[in-house]
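Participant: Okay, here's what each chain looks like letter by letter:
Protein chains: 2
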Amino acid sequence: MLLLNLDRNADEPLFSQIITQLKKMIQKGVLVSGEELPSSRALAAHLGVNRTTIYRAYEELWAQGYIDSHTGARSVVRNRFSPPEEVEGQSHATVDWSIQRNEGCNRGLSRLKSQEIVNDAASKYNFLPLAPDPDFMPVQAFRKSLNFVLNREGNTLLGYGDPHGNLSLREFIASQMRQHCMTISVDEILLTNGSQGSLDLLLRLFIEPGDTIVVEAPTYSAAIPLFEAYGARLVSIGVEPDGMNLDRLEAVLKTDKPKLVYSMPNFQNPTGITTCQAHRERLLSLCADHKVALVEDGFEEDMKYFGKAVLPVKSMDRQGIVFYLGTFSKILFPGLRVGWIAASIAAIDDLTALKKISSISSNSLNEAALAHFCGQGHYERHVKRAHRIYRRRMQAALKALREYLPAEYGAVREPRGGYTIWIELKGCNLDEGGIIEALSEAGVSVTPGRISFVETQESASFRLSISMLEAVEITEGIRIIGNTLRDLAIKHRPPAALNAAPNSGKPDD
Amino acid sequence: MLLLNLDRNADEPLFSQIITQLKKMIQKGVLVSGEELPSSRALAAHLGVNRTTIYRAYEELWAQGYIDSHTGARSVVRNRFSPPEEVEGQSHATVDWSIQRNEGCNRGLSRLKSQEIVNDAASKYNFLPLAPDPDFMPVQAFRKSLNFVLNREGNTLLGYGDPHGNLSLREFIASQMRQHCMTISVDEILLTNGSQGSLDLLLRLFIEPGDTIVVEAPTYSAAIPLFEAYGARLVSIGVEPDGMNLDRLEAVLKTDKPKLVYSMPNFQNPTGITTCQAHRERLLSLCADHKVALVEDGFEEDMKYFGKAVLPVKSMDRQGIVFYLGTFSKILFPGLRVGWIAASIAAIDDLTALKKISSISSNSLNEAALAHFCGQGHYERHVKRAHRIYRRRMQAALKALREYLPAEYGAVREPRGGYTIWIELKGCNLDEGGIIEALSEAGVSVTPGRISFVETQESASFRLSISMLEAVEITEGIRIIGNTLRDLAIKHRPPAALNAAPNSGKPDD
Numbered sequence: 016m017l018l019l020n021l022d023r024n025a026d027e028p029l030f031s032q033i034i035t036q037l038k039k040m041i042q043k044g045v046l047v048s049g050e051e052l053p054s055s056r057a058l059a060a061h062l063g064v065n066r067t068t069i070y071r072a073y074e075e076l077w078a079q080g081y082i083d084s085h086t087g088a089r090s091v092v093r094n095r096f097s098p099p100e101e102v103e104g105q106s107h108a109t110v111d112w113s114i115q116r117n118e119g120c121n122r123g124l125s126r127l128k129s130q131e132i133v134n135d136a137a138s139k140y141n142f143l144p145l146a147p148d149p150d151f152m153p154v155q156a157f158r159k160s161l162n163f164v165l166n167r168e169g170n171t172l173l174g175y176g177d178p179h180g181n182l183s184l185r186e187f188i189a190s191q192m193r194q195h196c197m198t199i200s201v202d203e204i205l206l207t208n209g210s211q212g213s214l215d216l217l218l219r220l221f222i223e224p225g226d227t228i229v230v231e232a233p234t235y236s237a238a239i240p241l242f243e244a245y246g247a248r249l250v251s252i253g254v255e256p257d258g259m260n261l262d263r264l265e266a267v268l269k270t271d272k273p274k275l276v277y278s279m280p281n282f283q284n285p286t287g288i289t290t291c292q293a294h295r296e297r298l299l300s301l302c303a304d305h306k307v308a309l310v311e312d313g314f315e316e317d318m319k320y321f322g323k324a325v326l327p328v329k330s331m332d333r334q335g336i337v338f339y340l341g342t343f344s345k346i347l348f349p350g351l352r353v354g355w356i357a358a359s360i361a362a363i364d365d366l367t368a369l370k371k372i373s374s375i376s377s378n379s380l381n382e383a384a385l386a387h388f389c390g391q392g393h394y395e396r397h398v399k400r401a402h403r404i405y406r407r408r409m410q411a412a413l414k415a416l417r418e419y420l421p422a423e424y425g426a427v428r429e430p431r432g433g434y435t436i437w438i439e440l441k442g443c444n445l446d447e448g449g450i451i452e453a454l455s456e457a458g459v460s461v462t463p464g465r466i467s468f469v470e471t472q473e474s475a476s477f478r479l480s481i482s483m484l485e486a487v488e489i490t491e492g493i494r495i496i497g498n499t500l501r502d503l504a505i506k507h508r509p510p511a512a513l514n515a516a517p518n519s520g521k522p523d524d
Numbered sequence: 016m017l018l019l020n021l022d023r024n025a026d027e028p029l030f031s032q033i034i035t036q037l038k039k040m041i042q043k044g045v046l047v048s049g050e051e052l053p054s055s056r057a058l059a060a061h062l063g064v065n066r067t068t069i070y071r072a073y074e075e076l077w078a079q080g081y082i083d084s085h086t087g088a089r090s091v092v093r094n095r096f097s098p099p100e101e102v103e104g105q106s107h108a109t110v111d112w113s114i115q116r117n118e119g120c121n122r123g124l125s126r127l128k129s130q131e132i133v134n135d136a137a138s139k140y141n142f143l144p145l146a147p148d149p150d151f152m153p154v155q156a157f158r159k160s161l162n163f164v165l166n167r168e169g170n171t172l173l174g175y176g177d178p179h180g181n182l183s184l185r186e187f188i189a190s191q192m193r194q195h196c197m198t199i200s201v202d203e204i205l206l207t208n209g210s211q212g213s214l215d216l217l218l219r220l221f222i223e224p225g226d227t228i229v230v231e232a233p234t235y236s237a238a239i240p241l242f243e244a245y246g247a248r249l250v251s252i253g254v255e256p257d258g259m260n261l262d263r264l265e266a267v268l269k270t271d272k273p274k275l276v277y278s279m280p281n282f283q284n285p286t287g288i289t290t291c292q293a294h295r296e297r298l299l300s301l302c303a304d305h306k307v308a309l310v311e312d313g314f315e316e317d318m319k320y321f322g323k324a325v326l327p328v329k330s331m332d333r334q335g336i337v338f339y340l341g342t343f344s345k346i347l348f349p350g351l352r353v354g355w356i357a358a359s360i361a362a363i364d365d366l367t368a369l370k371k372i373s374s375i376s377s378n379s380l381n382e383a384a385l386a387h388f389c390g391q392g393h394y395e396r397h398v399k400r401a402h403r404i405y406r407r408r409m410q411a412a413l414k415a416l417r418e419y420l421p422a423e424y425g426a427v428r429e430p431r432g433g434y435t436i437w438i439e440l441k442g443c444n445l446d447e448g449g450i451i452e453a454l455s456e457a458g459v460s461v462t463p464g465r466i467s468f469v470e471t472q473e474s475a476s477f478r479l480s481i482s483m484l485e486a487v488e489i490t491e492g493i494r495i496i497g498n499t500l501r502d503l504a505i506k507h508r509p510p511a512a513l514n515a516a517p518n519s520g521k522p523d524d
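Taken in order, these protein sequences are the chains called X and C.
So the first sequence is numbered by this note's numbering: it starts at 16 and just counts up by one.
So the second sequence is numbered by this note's numbering: it starts at 16 and just counts up by one.
By construction, these hints were calculated from the structure, which means they are not laboratory data.
Where hints are given, some of them may not hold.
Just so you know, same-sequence chains aren't split out, so a pair can sit in one copy or run between any two.
Heads up, simulated DSBU-like pairs for lysine-lysine below, C-alpha to C-alpha not over 35 Å straight-line [as the list claims (entries may be wrong)]:
hint, residue 1, residue 2
1, Lys414, Lys38
2, Lys39, Lys272
3, Lys159, Lys319
4, Lys159, Lys399
5, Lys128, Lys272
6, Lys39, Lys306
7, Lys306, Lys43
8, Lys39, Lys159
9, Lys441, Lys43
10, Lys272, Lys414
11, Lys506, Lys39
12, Lys506, Lys43
13, Lys269, Lys414
14, Lys38, Lys506
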């Protein structure tokens, strides 16, 4: 009979002591493969324990693969599989899967890595985050909406939902879009996992590795690795004071046959540029003429503070050329991940099927709560409040820039809305990395321009987002930026320039 | 001066009347491109309205592209872009984007279409949905957790979150996995948008169009279009009473060099089969020997009702061969879309970066609420309750099948847990579609077997899910299934057989 020592005073239950000891005996070869164990009845009697204790131990040993057992027969020690690490003196390294990575994925991952920036949370003047200020989020109103819908239909909302997305929320979105002169039915709207989710679905629909996508230079930095992960070839077209160079686009449409053109007509990220009506009309005409899908990213459509509204390209689209992307993330709750695509019904049907294929359904609960929240008028109220808050911040930033930014870099283009201001240091011989570092040392965090370019950029540049700072902080932060740039310029002035400076005016000749 | 007729008693505001009339004049060519409009001051005086009314109308006309305006100069009628539909007598059809679809996407979409089944909501005995019964969801406990976390940190939770996923929830998951003998750290867990989201990330990482994935036949139906949308070539290996045929897998690993092997060791969907320890060991060995990633879908790990637990393959994995998928969707709230991948740290790092690339962050609020819910012990309590409920339903189903299913089809394999039972009508000459239709007419909805096969299947088959029906409904539904099958068999018996029947026994020779 087996030699087991049970300690009835130990904390470890008896069945567990039996397991531990039998396992050791098997591991050490005291019990060998094929050997029969005593019947549970016999072992129970021998040890003076209840028979179910033995049952339980044998079951567990079976589950862990130490013994085989068949009804009516005695349990038998198994010829056990040895996971590599259990072989002493031999170490089995973890498999390196990176060599098996998909090619596009490799590109996307290394792009993402190249975009990494130091996000110093301790930075006093943080101009990095392009997201609404959490201090002004209407959390309690949203919490009430969540409770309302959970009490009304929690069981349904916590089940699988319709991949098309909550109908009431699509109705609200359609009514919002009508305010921007886009006549869109609920069937032409698909709710997505935020704007990134919208882009992702469009790429699934259109892009094969090697296909071309036209982007602006600079463009939304987070779109670049996503496009590249799909194996897309990116052709970037410079953004000029009135938007993407359309002559160049026309040429590219002819030569490169792109699958998509990706553009942000309002408060472009990162430049803050808003294109005019004429630019939008020509952009649409060009895409229509070449039957190329135009992705209009209206990520901050509602965030206009100054001057006149320009209508979205989508409002002029009668042929379903435009895939319009909207989102709640830049004005309300980024964490909810609710965005949408507006496009022709046939395209929305395809995209809905793709969403079903890749994620079964969206988050019904969040969508329903958001629909209730909007239906109660909270969205409009919040937008008005947000306008007041961010207009003040934007005004403070623009005033400070006029006052403190060294004049040699020229005037800053003043955005009509949104959160971002683009500083391009034209004709400056300073290194962008050096500028970012010096600013960081002075307590100011800004987004380096380079991450928004697919290829190389012409001048050092950086982006300021005014969304997270109070007006006084913005003013002080920009004052520091101005001083830092001035100090850097003096430090890096070429020796010739330094010598020449006192004799400014005519040389001696 | 312009001839405008303003009606001061109309509901339409004055500025809007001005816009409407000016637009008409431009559209009709009364005002032509390049023509100057009166200054706002002059027009205001002429019409006897406030100057801001004219301002507002001009701004809107500018926004809609009817006029150009520059500071200090008079507004000018624009050479307006005509959206195609506005040209009378000419209709411009919506662009058909389907011809530009990605090749894999085409395959995925047509597979999805081929899987469409009639989901008759009015069906009295609905054995279709593989999801927890909404009547037993602990909605109120979850609602409390939501309120708790929103009150504690709503501002943060509604902002962008960590793509890696909520730490407390990962800690809870790690502790759950330890109960299944998987020793996993929080850094080896990535939270995803449900199991479908997990699969999607794995495909992004590994699959190029043309790569091979090994699946079971039958397999999880919703995985098929997803795999195909990535352009994968699927090799399916038959599931036998003890699981996927591993001799065949060994051969395929050698000849087809797959990138992934996808398997559900517990309560396989749709067959309900649970593999034994020895099968799991060999499966792991084979994948390790060929350095092929093994995707272990543990979608119902916690749902064992009968007999002994078998340890997950992941519990034996020392080399990071296994990518283990877990989910809350089959036991708690499918609508929250929270699942996870457990894999080696390096692989999780890559997958986290891919998640960031494709969706920025996960839903922080839902994850935090779920973490709080689990931390309060609600998960364990709910699992216990779910076991009682579904065990009773499964027992009722198995009893009814023994009683009512025609004996000629052999005994049904009895699952040890989960929700699904697989009925394979071996040697039956009935058409699967005909069976499904006849059942549907009798008020019973079942999932046709064909949607779970990549290629053709051997016999007519269908899946029953017992999750949504009460025990008495299950019994009655299965009684109807038995009767329907019997009736069909009689109706479709070949004439020869009908003639032969009375003379059963020895033929006349």
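Participant: Does each hint fit the structure? Answer for all of them.
Facilitator: Consistency of the hints with the structure:
1. When the C-alpha separation of lysine 414 and lysine 38 is checked against a cutoff of 35 Å, the pair qualifies neither within a copy, at 76 Å, nor between copies, at 38 Å.
2. With identical chains, the CA atoms of lysine 39 and lysine 272 are never at most 35 Å apart, being 68 Å at best within one copy and 39 Å at best between copies.
3. When the C-alpha separation of lysine 159 and lysine 319 is checked against a cutoff of 35 Å, the pair qualifies only within one copy, where the shortest distance is 28 Å, while the shortest distance between copies is 38 Å.
4. Proximity of lysine 159 and lysine 399 under a CA criterion of 35 Å is satisfied in both settings, with 20 Å inside one chain copy and 31 Å between copies.
5. With identical chains, the CA atoms of lysine 128 and lysine 272 are at most 35 Å apart both within one copy (29 Å) and between copies (30 Å).
6. In this assembly of identical chains, the alpha carbons of lysine 39 and lysine 306 lie at most 35 Å apart only when taken from different copies (31 Å versus 72 Å within one copy).
7. In this homomeric assembly, lysine 306 and lysine 43 come within 35 Å of each other (Cα to Cα) only across copies, at 30 Å, whereas the closest approach inside a single copy is 73 Å.
8. Taking the closest pair of Cα atoms, lysine 39 and lysine 159 never come within 35 Å of each other, the shortest separation being 58 Å inside a single copy and 47 Å across copies.
9. In this assembly of identical chains, lysine 441 and lysine 43 lie within 35 Å of each other by CA distance neither inside one copy nor across copies; the values are 75 Å within and 47 Å between.
10. Neither within a single protomer nor between protomers do lysine 272 and lysine 414 lie at most 35 Å apart by alpha-carbon distance, with minima of 44 Å and 63 Å respectively.
11. Within a single copy, lysine 506 and lysine 39 get their C-alpha atoms no closer than 72 Å, and across copies no closer than 62 Å, so neither meets the 35 Å cut-off.
12. Taking the shortest Cα distances, lysine 506 and lysine 43 never come within 35 Å of each other, neither inside one copy (73 Å) nor across copies (64 Å).
13. In this homomeric assembly, lysine 269 and lysine 414 never come within 35 Å of each other (Cα to Cα): the closest approach is 43 Å inside a single copy and 69 Å across copies.
14. Neither within a single protomer nor between protomers do lysine 38 and lysine 506 lie at most 35 Å apart by alpha-carbon distance, with minima of 72 Å and 59 Å respectively.
The structure fails to meet hints 1, 2, 8, 9, 10, 11, 12, 13, 14 from the earlier list, while all remaining hints are met.
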